[in-house]
Amino acid sequence: MLSRVAASLYWLSRYIERSDGMLRMLKINYASSQDALYEFTWEPVIRIFAGNDEEGGTLGNDSRAVLRYMVIGKNNTNSILNIITLARENARSVQEHITKDLWQCLNEYYHTVKDPKLERALQREDPISVLDVLIKQVMLYYGTVEITMERGEGRSFMNIGKYLERAIQSVDILDTKFGSINENPDRLTDTTYWKHLLLSLGGYELYLKTYREGFEAENVLEQVVLNNDFPRSVIYSVNNIQRYFERLKNDTNLEDFREMTFKIGRLQSRIKYSSVKTIHQEGLPEFLTQIRSELYGIANALNEHYFANS
Amino acid sequence: MQELAYFDRYAPIGGVWDEMYGADSNIRDHYRKVIEYISRESADDLNRKEELAKRLFMSQGITFTVYNSGEGIEKIFPFDIIPRIITAAEWAFVEKGIKQRLTALNLFLKDIYHNQFIIKDGIVPIDIIYSCPHFLREMYQLQVPYDIYVHISGIDLIRDHDGTFYVLEDNLRTPSGVSYMLENREITKRLFPDLLPQCGVRSVTEYPSILYKNLMALSPRQIAHPTIVLLSPGIYNSAYFEHTTLARLMGVELVEGRDLVVNNHKVYMKTTVGLQQVDVIYRRVDDEYLDPLVFNPSSMLGVAGIMGAYRKGNVAIVNAIGNGVADDKAIYTYVPEMIKYYLNEEPILKNVPTYQLGNHDEREHVFKSLHKMVVKRTNGSGGYGMLMGHAASEEEIDDYKKEIIKEPRSFIAQPTISLSAAPCYMQGELQPRRIDLRPYALYGPDGIQIVPGGLTRVALKEGSLVVNSSQGGGSKDTWVLAP
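Chains as they are written, first to last, in this note's numbering: chain A, 1 to 310; chain B, 1001 to 1483.
For the record, the hints were derived by calculation from the structure and aren't laboratory data.
Check the hints yourself; a few may be wrong.
Per label pair, the in silico range of CB-to-CB distance [unchecked claim]:
1. Ser180/A / Asn1264/B: 25 to 31 Å
2. Lys1461/B / Lys136/A: 37 to 43 Å
3. Thr85/A / Ala1023/B: 21 to 27 Å
4. Ala1023/B / Lys136/A: 40 to 46 Å
5. Leu1052/B / Arg124/A: 53 to 59 Å
6. Lys136/A / Gly1234/B: 29 to 35 Å
The beta-carbon is built from N, C-alpha and C at its ideal position, and this holds for glycine as well.
Given the sequences, and given the hints that come with them, work out the whole structure.
What follows is the structure in structure tokens.
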């Protein structure tokens, strides 16, 4: 497979995964803005997904303005509109490597976001319905990948991109959510706060089944970092990066392969042999920073060894 | 006759060959079934079909992007739902004519890049060859596989007022539009269910497999699975959709210049498992941009050193480099003589009479009757920089004359040919619009094959004679009926 094609498939997949995480986060945040039991703020969402963008900082708690900025904001490089455009550009340049069904699915997603009706609905109607329409587009995408894409090298790169993006997202979300406890210690015991965090990661139901004693920060941390069965946990994502990377083994590039395997294996062990207790001993922020930097290291190594961008 | 309502309200253009409307004011037989079919549909139904066609093009991403104030706007090429129909007899004639013409043009390219007998025998003047910017000395004495230069051609045909076919242009470099031949057919299947088999329309789906077979045959390495790639300028090229469609239909790798690298006169592509040698390149990048070491040094679309690999015979390039000398508009005039010279046959397809403005007498003659002429640049394409004498003002004509006098070799003139008309669906009615025809011929080691069909381009503006998509043209599905 061409290095450029591998890179495009990888990025296509990262962007879609990012849009999925964002949409779910926006939906839950909007819902929680409607029952402001605690001091509601959009600030963490903007910080996680839009970085230190200036315009994002000026929006305050005007939900409609934030949604507009995050979904269809032209100047926000990480708005759904912009990342879907990028995902589609990547797909366009590798059209013969994805199925026609998948290409059409991406096109529809793109045209749905571009539709002027969406902008109107986002301003005047129920934003949750609008976000649901978009979330459904992502689900269609994943279903189409599952049903139509060949189980080859291309899909391995797509999966590596997907799980890498997911792991980074989960780490960022934890970092932001746990970070803001320092500013507001009351949150540590605020049930709604943790409930919303779990909802935005789609892990609420699993949490209820696993833990019977109500919402505890420790338990949330355990589920999001260490639970092998939770599809958005850091360990689950890293296991999958390892699993799909393993399939790229090929006799002609053993050296590159070994170097990558080493990096992934080290990260995997690091998380696998941690517990909530050891994480707290070394300090949660330090732990998360290290995991994040190792994830970035894997992304950079892929770039260098597989995408011919040194 | 209720069932032909759309036909009864149809007003053909006087003095123009109409593909549907016969001389006796009757419908031509080969159009009858289609008109009967659509006459059973109300205008609302047809409008819905038009909408469906647009939606299908859009959701399949068969679009091109217009960049306006920093924002990309997706557009589709206009498509007219009424098919253009060609009878078996007409097709047999066209097919024979194109095969003959293409054989001669291919022999001409071989000759002009080797012994140049045609110049020595005084058939084609030497200055017209050497002044052609597309004549590439780099191709001199270069051996191409099977002596085939024009693997893929799209010769443009038009019909005069009496229905005679004329060749308007020979496109022998990287003719585009074949994906529209294929996609238009797919759309028609959805718009008019069951109509295609009822009418006995020949299939066009074989095109990608024939092309693939021909490309395989050109591989310099005799191995089971040669690497064939389609070289595209990238996603910002207006024909990018076509490049991906063809790559997908043939199952070949779509590459850009930056994916390829030349080492020791061999071309490789950069893959996730290292370099892989490339055997055949179907390139959709123009000669000029192909190799920055030989042609345009600022080109980012090409591959440095590719020409050396080609010259060594380590890679086959399709179409051959330097074909532009054979489809130059000044050399076009000599094609009938070429056919006689190389094949000892009378040309089957006629040329449009063409005046060389480099020639003093012909220029004087043209200047006297410019309002009846179409003047074109010899190296122009896409309908740009043309003078349509019948529609131009005195001022425009004077300005154009000044341009011509600056470099007369760069211009030719042709009398205005009227172009045949075909019915198009316009706001609830059928109306005549001017059309041309571009069949795609594939020249492989086993000979020339032409898929029964082609691209019919249509001038959608009322009264317009320009069918180019850049000038408000659209396209139609093109049916060739079985004998």
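Going down the list of hints, with the structure as the test:
no.	hint	result
1	Ser180/A / Asn1264/B: 25 to 31 Å	violated, 60 Å
2	Lys1461/B / Lys136/A: 37 to 43 Å	holds, 42 Å
3	Thr85/A / Ala1023/B: 21 to 27 Å	violated, 54 Å
4	Ala1023/B / Lys136/A: 40 to 46 Å	violated, 58 Å
5	Leu1052/B / Arg124/A: 53 to 59 Å	violated, 30 Å
6	Lys136/A / Gly1234/B: 29 to 35 Å	holds, 32 Å
In the structure shown, a violation is registered for the earlier hints numbered 1, 3, 4, 5, in ascending order.
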